[in-house]
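Undergrad: Single-letter residue listing:
Protein chains: 2
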Amino acid sequence: MMNNKTEAPSPRVVIVGAGFAGLACARALGSTGARVTIVDRHNYHLFVPLLYQVATAALSPADIAEPIRKILRRHRNVDVLLGEVAGVDTANRSVCLADGERLDYDRLVLAPGSRYNYFAHPEWEAWAPGLKTIADARRLRSRLLCAFELAERERDPQRQRALLTTVIVGGGPTGVEMAGAIAELARHALVRDFRHVDPAAARVMLVEAGPRILAAFPEALAAFAHRRLERLGVEICCGLAVERIGADSVRIGGDEVAAGAVIWGAGIRAGCVGDWLGVPVDRAGRVRVDATLAVPDFADIFVLGDSARFDDPGTGNALPALAQVAHQQGQHLGRALRRQLSSEEPLPPFRFRDRGNTAIVGRNAAIFDFGRWQLKGRLAWLLWAIVHIYLLVGFEKRLLVAIQWLWRYLTYQRGARLISGGDDAAR
Amino acid sequence: MMNNKTEAPSPRVVIVGAGFAGLACARALGSTGARVTIVDRHNYHLFVPLLYQVATAALSPADIAEPIRKILRRHRNVDVLLGEVAGVDTANRSVCLADGERLDYDRLVLAPGSRYNYFAHPEWEAWAPGLKTIADARRLRSRLLCAFELAERERDPQRQRALLTTVIVGGGPTGVEMAGAIAELARHALVRDFRHVDPAAARVMLVEAGPRILAAFPEALAAFAHRRLERLGVEICCGLAVERIGADSVRIGGDEVAAGAVIWGAGIRAGCVGDWLGVPVDRAGRVRVDATLAVPDFADIFVLGDSARFDDPGTGNALPALAQVAHQQGQHLGRALRRQLSSEEPLPPFRFRDRGNTAIVGRNAAIFDFGRWQLKGRLAWLLWAIVHIYLLVGFEKRLLVAIQWLWRYLTYQRGARLISGGDDAAR
Numbered sequence: 137m138m139n140n141k142t143e144a145p146s147p148r149v150v151i152v153g154a155g156f157a158g159l160a161c162a163r164a165l166g167s168t169g170a171r172v173t174i175v176d177r178h179n180y181h182l183f184v185p186l187l188y189q190v191a192t193a194a195l196s197p198a199d200i201a202e203p204i205r206k207i208l209r210r211h212r213n214v215d216v217l218l219g220e221v222a223g224v225d226t227a228n229r230s231v232c233l234a235d236g237e238r239l240d241y242d243r244l245v246l247a248p249g250s251r252y253n254y255f256a257h258p259e260w261e262a263w264a265p266g267l268k269t270i271a272d273a274r275r276l277r278s279r280l281l282c283a284f285e286l287a288e289r290e291r292d293p294q295r296q297r298a299l300l301t302t303v304i305v306g307g308g309p310t311g312v313e314m315a316g317a318i319a320e321l322a323r324h325a326l327v328r329d330f331r332h333v334d335p336a337a338a339r340v341m342l343v344e345a346g347p348r349i350l351a352a353f354p355e356a357l358a359a360f361a362h363r364r365l366e367r368l369g370v371e372i373c374c375g376l377a378v379e380r381i382g383a384d385s386v387r388i389g390g391d392e393v394a395a396g397a398v399i400w401g402a403g404i405r406a407g408c409v410g411d412w413l414g415v416p417v418d419r420a421g422r423v424r425v426d427a428t429l430a431v432p433d434f435a436d437i438f439v440l441g442d443s444a445r446f447d448d449p450g451t452g453n454a455l456p457a458l459a460q461v462a463h464q465q466g467q468h469l470g471r472a473l474r475r476q477l478s479s480e481e482p483l484p485p486f487r488f489r490d491r492g493n494t495a496i497v498g499r500n501a502a503i504f505d506f507g508r509w510q511l512k513g514r515l516a517w518l519l520w521a522i523v524h525i526y527l528l529v530g531f532e533k534r535l536l537v538a539i540q541w542l543w544r545y546l547t548y549q550r551g552a553r554l555i556s557g558g559d560d561a562a563r
Numbered sequence: 137m138m139n140n141k142t143e144a145p146s147p148r149v150v151i152v153g154a155g156f157a158g159l160a161c162a163r164a165l166g167s168t169g170a171r172v173t174i175v176d177r178h179n180y181h182l183f184v185p186l187l188y189q190v191a192t193a194a195l196s197p198a199d200i201a202e203p204i205r206k207i208l209r210r211h212r213n214v215d216v217l218l219g220e221v222a223g224v225d226t227a228n229r230s231v232c233l234a235d236g237e238r239l240d241y242d243r244l245v246l247a248p249g250s251r252y253n254y255f256a257h258p259e260w261e262a263w264a265p266g267l268k269t270i271a272d273a274r275r276l277r278s279r280l281l282c283a284f285e286l287a288e289r290e291r292d293p294q295r296q297r298a299l300l301t302t303v304i305v306g307g308g309p310t311g312v313e314m315a316g317a318i319a320e321l322a323r324h325a326l327v328r329d330f331r332h333v334d335p336a337a338a339r340v341m342l343v344e345a346g347p348r349i350l351a352a353f354p355e356a357l358a359a360f361a362h363r364r365l366e367r368l369g370v371e372i373c374c375g376l377a378v379e380r381i382g383a384d385s386v387r388i389g390g391d392e393v394a395a396g397a398v399i400w401g402a403g404i405r406a407g408c409v410g411d412w413l414g415v416p417v418d419r420a421g422r423v424r425v426d427a428t429l430a431v432p433d434f435a436d437i438f439v440l441g442d443s444a445r446f447d448d449p450g451t452g453n454a455l456p457a458l459a460q461v462a463h464q465q466g467q468h469l470g471r472a473l474r475r476q477l478s479s480e481e482p483l484p485p486f487r488f489r490d491r492g493n494t495a496i497v498g499r500n501a502a503i504f505d506f507g508r509w510q511l512k513g514r515l516a517w518l519l520w521a522i523v524h525i526y527l528l529v530g531f532e533k534r535l536l537v538a539i540q541w542l543w544r545y546l547t548y549q550r551g552a553r554l555i556s557g558g559d560d561a562a563r
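So the protein sequences, as listed, match chains A and B. For the first sequence, position 358 matches number 494 in our numbering, and the numbering has no gaps at all. For the second sequence, position 261 matches number 397 in our numbering, and the numbering has no gaps at all.
The set of hints was computed from the structure by calculation and includes no laboratory data. Note that the structure is a prediction, hence the values are computed from the model and not measured. Each hint should be verified, as a subset may be incorrect.
Note that the list lumps identical chains together, so a pair holds whenever it fits in one copy or between two copies.
[Stated by the list, open to error] Here are the computed lysine to any residue pairs in the SDA-like style, where the Cα-Cα straight-line distance is at most 25 Å: (1) Lys533 to Arg328; (2) Lys533 to Tyr548; (3) Lys533 to Tyr545; (4) Lys533 to Asp329; (5) Lys533 to Glu480; (6) Lys268 to Gly308; (7) Lys268 to Arg229; (8) Lys512 to Asp436; (9) Lys533 to Trp543; (10) Lys512 to Gly390; (11) Lys512 to Phe434; (12) Lys268 to Arg424.
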């Protein structure tokens with residue numbers, strides 16, 4: 137299975153996870169002397185920042201998912217493997233897959249991403265799904281659209297009102313995006329389609345335990361997003377904790393709210409990297425890495441992205457779970473390992489360069505925080521659209537997403553209103 | 137819930153099924169005095185003729201599925217209902233839904249479509265899925281793509297070869313389309329993406345029990361399709377019966393063929409209309425209708441599309457299960473019922489106008505049979521593409537499909553190569 141026979145055997149690099157970090161690392165190591173294997177449980181790289189658009193019927197899954205093989209096809213030294221990692225045998229330097237196969241490595245890059253964190257309430261996951269995979273997005277789309285269908289057939293006004301209520305837990309960028317997108321779905325795309333209910337009367341609640349939404353953004357930008365959400369009809373409840381989530385209701389600050397759909401966006405937790413390596417993790421499940429992104433005591437193992445706890449030497453804070461952090465880490469490590477192939481120089485330290493932080497509320501309403509300067513409103517929204525189309529992999533996806541966004545903008549319609557897959561409540 | 141209060145109560149028309157027949161009927165009755173309810177188990181109208189492109193990763197489900205509500209939104213007299221029909225109470229003139237609700241009717245239009253017919257072997261369905269729904273297409277896409285992924289990891293050459301073998305049962309238009317599309321997927325889209333297998337060596341077998349493929353087409357056109365399929369590398373086995381289908385092999389004419397995927401396209405069977413009405417059905421499960429598409433003995437019940445047995449007065453043959461037949465029947469009945477609203481004239485007889493029969497093999501290769509004249513090759517393929525884009529509902533879908541086809545044509549790529557939903561064999 138070796139493609140290159142050189143004098144010294146070329147090092148084997150195993151990368152776990154083909155998200156932003158793993159993929160950037162594999163690309164940087166592409167067409168070098170390293171023998172690279174990238175393992176993922178899906179056959180595609182998912183552009184997670186646009187997943188909320190799949191969940192709200194604006195895009196199709198294939199618009200934001202590109203086969204990993206296709207992205208890396210030019211690099212003959214990179215093997216792509218569809219599989220589930222079960223553990224790491226650090227003593228024998230091999231990765232164990234769920235089906236029993238083992239992958240030996242000289243360098244191991246772990247970037248499996250994160251899941252939602254339900255804190256002390258794992259039982260809430262069944263009623264309040266998060267949004268991390270295509271299956272999640274399809275399930276959520278079905279649940280949202282089904283709620284309107286069931287409401288249309290419901291004769292009891294109280295039950296009808298409950299079905300038309302969506303509660304979003306967590307006022308971070310994910311919660312804000314979902315709240316805005318659901319409000320626009322109801323008020324624009326669905327508004328003329330029903331006979332017995334008024335979708336525009338749908339209730340969208342955004343619940344945040346902290347004092348304000350978008351805590352990671354400057355106050356002025358968060359206040360702008362707050363106003364815009366309210367203008368869309370979203371009810372924002374700050375300073376209120378979710379106390380219980382059930383099949384069809386949520387208890388918020390002592391009040392029971394009957395809801396047709398509950399969506400979780402209140403915090404994430406890193407994957408199993410700590411367990412795999414038998415090392416301690418922080419409160420969010422992340423493994424602490426050193427300046428070169430290596431795990432202390434394991435000079436040949438690196439952790440990237442949402443799974444890594446990297447304290448920024450400038451600010452002293454842990455880097456947030458953002459696509460740009462993961463991408464920069466993957467690219468940095470891939471380039472560093474590539475240089476190490478030719479010269480035995482030590483790995484350089486990673487430096488994060490903040491490209492700006494963004495969140496979108498809806499039509500003509502986004503916010504950008506570039507530190508020194510800030511942007512909000514229509515211009516920020518346009519910039520958001522351009523940046524996200526630019527970041528998509530492949531010309532075809534870019535063209536298709538651009539056309540669909542233009543169409544949505546002109547017509548207020550949504551093109552992917554399918555109730556399919558997941559739990560189809562109507563059957 | 138009545139929108140119009142007129143002197144004589146306006147008649148209630150219930151339409152079951154929003155396929156080509158049901159939808160055409162509802163549209164023809166739109167914005168009239170009739171109170172129309174259209175019931176479907178899905179919230180979308182599916183353009184089934186392009187479903188094979190979803191199964192072979194060329195299009196996304198949303199490209200060929202449009203919400204029924206959205207199509208009919210202008211017609212305020214039409215109610216759309218997401219639900220499953222459990223039976224018909226002909227004595228009390230009401231349709232019973234699975235959830236217990238009843239829909240009273242004055243006129244009932246039944247167009248629930250068909251399922252695949254496994255003849256005496258219902259157990260084959262688990263191993264050899266047909267292609268009727270989006271869930272079917274997703275499952276098949278996952279199975280086809282997974283077979284390549286598993287083959288890439290397989291070290292045993294015999295087992296690898298088995299995984300790369302696809303058997304398609306039935307040499308009608310569906311079987312021919314699938315065989316051509318799978319051969320092109322392997323030989324073009326996937327060919328450079330794997331390291332340890334050669335997708336171009338994938339084996340695609342088309343098995344037809346009759347003496348030749350495309351029996352419904354003139355011999356010259358079928359022979360052209362046969363040659364083109366062989367040029368794509370498809371092995372065509374005519375005159376051979378499938379004797380057994382198992383989890384990973386098929387017995388064909390006494391030989392056991394190990395296969396990674398088996399696809400069924402060997403005949404369809406109408407839905408439950410016969411059971412609902414308690415009337416006899418023909419061998420394919422169809423209910424015989426009279427010249428006005430009404431069921432004998434039930435002047436107020438009509439059956440359309442794949443569920444109806446309508447013998448063409450011209451040829452004496454039963455009309456085939458084609459989209460154009462269903463569409464024409466739906467439109468005819470809708471218009472006839474509309475005229476009956478104003479004047480009490482009797483329903484006119486239905487006349488089928490043959491718009492031509494078509495099948496596609498692949499790039500630059502389709503066939504058209506217009507009776508008097510025939511078309512094959514690149515021109516037929518272009519006509520096929522234009523006709524199918526024209527027949528799609530909505531400008532956005534047309535634009536998106538046209539762009540994707542152009543992109544596929546120029547690059548040989550497929551845009552929707554997702555393994556997701558259904559039985560993901562790799563997990």
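Undergrad: Confirm or reject each hint.
TA: Do the hints match the structure? See the list:
1. Lys533 to Arg328: Between copies only: 20 Å across chains, 30 Å inside a chain, cut-off 25 Å.
2. Lys533 to Tyr548: Cα proximity of Lys533 and Tyr548: in one copy and across copies (21 Å, 15 Å).
3. Lys533 to Tyr545: Classified as both: same-chain Cα gap 18 Å, cross-chain 16 Å, threshold 25 Å.
4. Lys533 to Asp329: between (29 Å within a copy, 19 Å between copies)
5. Lys533 to Glu480: neither (40 Å within a copy, 55 Å between copies)
6. Lys268 to Gly308: within (15 Å within a copy, 41 Å between copies)
7. Lys268 to Arg229: Neither way: Lys268 and Arg229 sit 30 Å apart in one copy and 48 Å across, limit 25 Å.
8. Lys512 to Asp436: The answer is neither: 44 Å in one copy and 61 Å across copies each exceed 25 Å.
9. Lys533 to Trp543: both (15 Å within a copy, 11 Å between copies)
10. Lys512 to Gly390: Cα proximity of Lys512 and Gly390: none, with 35 Å in one copy and 71 Å across.
11. Lys512 to Phe434: neither (44 Å within a copy, 65 Å between copies)
12. Lys268 to Arg424: within (23 Å within a copy, 51 Å between copies)
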